[in-house]
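Engineer: Sequence:
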Amino acid sequence: MTRLVPYITMALLMLGGLLFGLMANPALAANAHGFTFVSIDGDPLPLAKYKGKALLVVNTATECGNTHQLGDLQKLWETYKDKGLVLVGVPSDDFGQEPRDNKAIKDFCETNFSVDFPMTELTAIKGAKAHPFYKHAVAQLGDKSEPSWNFHKFLVGPDGKMVDYFGTGAQPLGGKLEQAVQAVLP
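In this text, residue positions in the sequence shown follow our numbering: the first is 343, and each later residue adds one.
Fair warning: there could be bad hints in the mix.
[To be verified] What follows is a list of derived Cβ distance ranges for each label pair:
#1 LYS471 x ASP443: 14 to 20 Å
#2 ASN454 x ALA481: 18 to 24 Å
#3 GLY413 x LYS445: 19 to 25 Å
#4 GLU420 x GLY511: 31 to 37 Å
#5 ASP449 x ASP501: 32 to 38 Å
#6 ASP443 x ALA525: 23 to 29 Å
#7 GLY413 x LEU527: 29 to 35 Å
#8 LYS423 x VAL380: 30 to 36 Å
#9 LYS445 x ASP485: 31 to 37 Å
#10 ALA466 x LYS445: 28 to 34 Å
#11 LEU527 x ASP458: 28 to 34 Å
#12 LYS445 x GLN521: 32 to 38 Å
#13 SER490 x GLN521: 20 to 26 Å
#14 ASP449 x PRO386: 20 to 26 Å
By construction, these hints were calculated from the structure, which means they are not laboratory data.
Here the structure is a predicted model, which means the values were calculated and not measured.
Don't be surprised by glycine CBs; every beta carbon is placed ideally from N, CA and C.
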């Protein structure tokens, strides 16, 4: 029996390392519903509360040349929210175009674009400090899906699985993005 102790110890250490690796790597999470953001008001915003709905996650910035997309994102939200779409705006300064704090971001979006879809606090979306949702999305959809600018969009199905991504140039209304949203509505 004493001969087995080193082998049992080694097996337990390997199993523990594997389990720790799974917990530490958000890319290995089962689906997007396992992640929680912090809302722009400071409250938890668990994506699990959107199970059974299509989810569009968009990184935003108020000083970007594409900030006008907030208006069309609001229209997309108004058109499809009663049909099962949830849109989450994720303000980020990863591209140096979000100088405002959370309160000022919220005020800007509400005042200029009547935004009332859920928004998160200022959040890192790329690189080592990226929010775990973004690491998961890139792990699921490939390196090319990593945001390269503001107003990058990730579409999540009602089951929490990543469906697709859309770059900055994908307009919210009247194109491939809106068609993809329609296709995944519950």
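Engineer: Are any of the numbered hints broken by this structure? If so, which, sorted upward?
Structural biologist: 2, 4, 6, 7, 8, 10, 11
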